[in-house]
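Residue numbers (our numbering), protein chains in the order written: chain A, 1 to 633; chain B, 1 to 346.
A portion of the hints provided could be inaccurate.
Claimed, not checked - Below, simulated EDC-like cross-link-like pairs (lysine to aspartate or glutamate); rule was C-alpha separation at most 20 Å, straight line:
#1 A:547 to B:135
#2 B:219 to B:31
#3 A:633 to A:560
#4 A:165 to B:235
#5 A:547 to A:529
#6 A:350 to A:67
#7 A:421 to B:338
#8 A:547 to B:338
Said to hold, decoys possible - Away from chain A, derived, C-beta distances all over 10 Å, residues of chain B:
#9 148
#10 239
#11 246
#12 325
It is worth saying that the hints were derived from the structure and are not from the lab.
Ideal Cβ positions, reconstructed from N, Cα and C, are used throughout, including at glycine.
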Amino acid sequence: MGVSPSRAHPVSRGRLCLKGWHAHELMDNSSRLTRPLVRRGGQLVEASWSEATKAAAQGLRDVLSSEGPEGVGVLGSARGTNEDNYVLARFARATLGTGNIDCSLRLHCFAEPMELNGALGPSANQGLISDLDDSSVILIVGGDPTEENPAVGAHVHRARARGAKVITAFARRHALGRVADVHLPVRPGAELRWVGSLLNVVLVEREGGDELAALRRHVAELTPERTEPETGVPAAATRRAGEMLAEASQAAIVICAAMALSPQGSEAAAALGALGRVRSAQDRPKFAVLSLLSRNNLQGCRDMGVTPYLLPGYGRLEEDADVERLQRAWGTPVSRARGLAAWEMLGRVKALYIMGDDPIRALPQQAETRAALEGLKFLVVQDIFMTPAAEMADVVFPAAAFGEREGTWTSLERRVQRVRKAVDPPGEAREDWRILADVSGSLGKPMPYSSPQDIFEEIVTHLPLYAGVFYPRLGVNGGVRWQAPQAAAPEAPAAAEAGFGEASAAAKTNEQRPLLLAADPTLGAWDGEVTVSRTLSVAAEFTVSEKDYPTGMLCVSPADAARFQLRSGRPARVVSDRGEQQMRVVVSDEVPEGVALVPYWQAVRMQVMAVVTEPKTGRPLLAPTPVSVEAPK
Amino acid sequence: MTARVLPLNRVDEFVRRLLAAAEVIAPRRVDGGDVFYGPIASPGEVAWDYSTAVEPLKRFLLPQREPILRFSTNGKLEVRPEYDETERVFLGVRCCDVTGVSVLDAMFGGEIVDPYYMARRERSTFIALTCQQPDAHCFCVCGDAGPFLKTGYDQQWTALKDGMLVEVGSERGEALAAANEDLLLPAQMEHIKERHRLAREAETRFGEYHAYAAAAMRKLTTAEVADEVWQQAADRCIECGGCTFLCPTCSCFTVTDRWEAPGRGVRERHWDACLYSCYSREASGHNPRPEGADRMRGRFFHKLSHQWAQRNGRHACVGCGRCVVGCMAWSHMPAVSEAIRRGAMP
């Protein structure tokens with residue numbers, strides 16, 4: 001068994017990342033779940049499909065009758081197929097009658113445009129990855145695509161080899177930042193302020209052009225000189241970056257997924273996204289804006305309605321026509337309730353059904369998440385491995401992984417592609433949609449689907465956005481992209497109304513707390529992730545922060561190391577107003593002075609960082625936090 | 001060992017005869033348009049008009065995952081090695097790929113003989129197909145591995161107007177020709193001249209990539225490459241493993257044991273990549289090559305140094321250009337070889 005790349009594919013073009021080359025190791029992996037499990041006498045024991053399905057249905061039925069539909073919740077999968085997620089959305093809104101459906105990884109997405117700006121339109125990229133190929137200037141904000149989406153990173157490197165200029169803006173001077181033409185070490189918490197000053201140069205300095213007049217007014221005073229003290233970026237460097245963008249005939253802006261986890265990251269992304277309205281001399285969009293996603297089917301998961309405030313296909317809960325369309329398709333009433341988000345469900349619902357999702361890893365304040373899961377009356381988990389959540393479950397269903405089943409995924413370019421079956425699933429593992437259909441049947445709401453293609457035909461028939469996605473074309477050469485309506489980016493995003501972050505998202509450092517600690521999602525980005533940690537070749541590469549720095553990897557600059565007498569490999573006690581943590585130090589010139597970085601995936605386990613709530617969406621985000629750091633005696 | 005000509009209208013018959021006696025691996029066009037080397041069931045499946053295959057021949061001699069022994073513990077411990085003893089003919093494969101096999105031969109058939117590799121290798125016959133139109137990423141001339149070979153093949157075919165010129169380069173190749181003499185005609189001087197003309201012309205058709213291996217080898221071997229170069233190369237590498245897995249001469253592997261059922265298990269070896277951060281990490285946590293720069297230096301030393309060339313009989317780059325295609329950043333052989341010579345990465 002093995003994996004080969006495809007040169008004919010329009011995005012990968014014959015390249016595979018580390019995970020790609022070893023993805024097949026998921027399939028006959030001896031840690032896979034192979035039989036249903038039911039909790040008896042405090043232990044999970046093997047059971048037949050019939051027993052486990054009945055137990056799942058009974059447990060859900062009990063909680064529904066005592067708590068009502070508001071008392072149950074469903075979490076769907078950013079790594080599962082469109083078909084699985086569509087059936088899950090039906091399971092939630094039609095079978096359970098609840099609006100509490102979400103995916104933990106939606107926390108890692110920017111707030112939907114319609115939430116931030118009231119603009120209609122699905123969350124989808126207008127820009128394409130291939131736009132990078134034609135760009136003479138590429139700005140990369142908020143992360144490192146070579147780490148998060150290597151397929152995109154490869155296009156950046158090739159454009160650079162052909163002469164494109166690369167500008168990176170991120171606190172840490174990451175891998176791409178080390179080869180960029182300009183690297184801007186934007187201080188954590190000041191991203192929005194910095195974007196305002198960049199827009200000041202791009203929009204205000206330009207001659208002519210009526211686009212974005214309102215936005216231009218808002219940034220007129222936000223010169224790089226004015227914002228330099230807060231952003232930590234030398235004014236001349238911001239000016240240079242802005243001028244490069246303004247003078248390019250064709251440019252690209254890549255907004256990395258990691259930025260979504262910064263406070264005000266959504267507003268910064270929306271402001272940058274507004275540049276999508278600028279037209280070039282050839283009357284084409286001058287700036288291709290590409291917003292990256294952190295999982296293979298996060299786009300599809302959203303498209304299929306695994307969100308508490310939308311129906312599948314971005315149907316509106318308030319729109320009778322959208323609701324009726326689904327009721328006709330499913331032959332049952334459909335809940336129009338605006339439900340709880342993943343981060344709200346934990347602690348409020350009494351029963352949870354988790355399909356291919358990892359709330360313990362993805363949500364901040366891990367201790368609370370664990371406690372909430374333990375406190376549930378009933379928990380069902382269906383997944384490919386025994387995840388930490390599955391260990392607490394009352395019923396566990398073994399699911400088929402990619403390569404073991406048919407289905408489709410939708411990429412960040414809206415590209416719908418088939419995932420094909422190459423081998424049989426191990427043991428008794430089954431496709432996710434089939435498991436859901438059986439449980440639904442046991443709850444009195446049968447779902448007569450016969451195959452993933454069958455489900456897909458229904459999606460195409462009833463979701464207007466997917467009309468024209470012709471199944472036979474989905475198997476080769478990059479599939480088919482669904483047509484995003486030309487919803488123009490807002491002229492003046494909400495960020496502008498908010499004055500481009502008058503107050504930085506970070507509290508100020510002072511003598512007592514002299515360093516700003518930020519959670520960096522690009523450090524150890526895949527450590528502990530369920531598909532990675534069980535596959536031999538890949539796991540070995542993603543264990544450094546867990547193996548060598550289990551209590552926390554604290555990255556500091558050489559200047560700060562000297563100032564606070566810290567040494568690589570030695571412990572350091574980090575104290576904030578909220579709490580403290582003993583970590584181990586890495587001294588690195590990638591870190592700007594005055595800032596300390598810890599992997600986001602470790603920060604969620606600590607009690608050190610402040611948590612802020614994103615206005616309008618309620619997303620809980622770890623905020624850069626002033627800390628003191630000392631080497632214990 | 002004289003050259004022959006296989007007339008065009010007899011090629012399919014020749015292939016049918018090969019199919020009757022062995023598994024035939026040839027270039028095949030798959031859904032979507034990629035060409036891969038793979039087993040064919042009929043002569044019509046051979047994609048004679050291809051330029052290059054996505055992957056080299058390595059998979060057929062050293063699979064990405066290979067069971068090397070099976071063990072069972074029911075009652076008493078039993079251990080059984082597992083060998084692949086399939087007879088294979090590699091038909092219409094490129095010269096660069098055939099040359100790559102000779103480097104694998106040095107690794108697995110040298111001082112320490114690898115029985116798994118040799119079981120496959122000894123049963124393999126190579127019929128190279130010379131290349132008249134290199135792909136944009138090709139530079140086999142730099143690798144002394146094509147587009148036409150002087151030696152190192154069992155048979156080498158060149159597509160001429162009337163048929164295939166069949167050059168014989170080994171006893172195995174001669175035996176194959178002799179067994180099919182009824183299909184072959186003696187080659188005339190005009191055929192030989194045409195073959196040489198096509199070779200010269202192919203050499204003028206290469207694109208922008210090259211790796212002046214000799215110059216790079218000199219600098220590398222005499223330790224004239226600054227540390228800074230390796231750091232720059234590492235900055236342009238994301239350690240995906242693509243160059244390693246696509247390279248015809250890379251052969252590193254790791255070994256794991258896995259239970260398949262209670263009491264029954266299998267030992268497998270898997271492709272590994274020296275660029276991976278944990279490739280040489282030890283159980284203690286110590287890593288002899290802790291930085292990307294160390295690993296880049298190690299990789300290119302293995303590919304280009306005189307010390308390794310002595311062991312292999314040649315340097316380890318055949319110029320197939322697959323690292324150029326498969327690199328997810330910009331640290332492939334042409335880029336690094338140039339950096340070795342010039343002192344800085346682009």
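Hints and how they fare:
{"no.": "1", "hint": "A:547 to B:135", "result": "violated (44 Å)"}
{"no.": "2", "hint": "B:219 to B:31", "result": "violated (44 Å)"}
{"no.": "3", "hint": "A:633 to A:560", "result": "holds (18 Å)"}
{"no.": "4", "hint": "A:165 to B:235", "result": "holds (16 Å)"}
{"no.": "5", "hint": "A:547 to A:529", "result": "holds (14 Å)"}
{"no.": "6", "hint": "A:350 to A:67", "result": "holds (8 Å)"}
{"no.": "7", "hint": "A:421 to B:338", "result": "violated (43 Å)"}
{"no.": "8", "hint": "A:547 to B:338", "result": "violated (37 Å)"}
{"no.": "9", "hint": "148", "result": "holds (24 Å)"}
{"no.": "10", "hint": "239", "result": "violated (7 Å)"}
{"no.": "11", "hint": "246", "result": "violated (8 Å)"}
{"no.": "12", "hint": "325", "result": "violated (4 Å)"}
This entry does not satisfy hints 1, 2, 7, 8, 10, 11, 12, going by the numbered hints stated previously.
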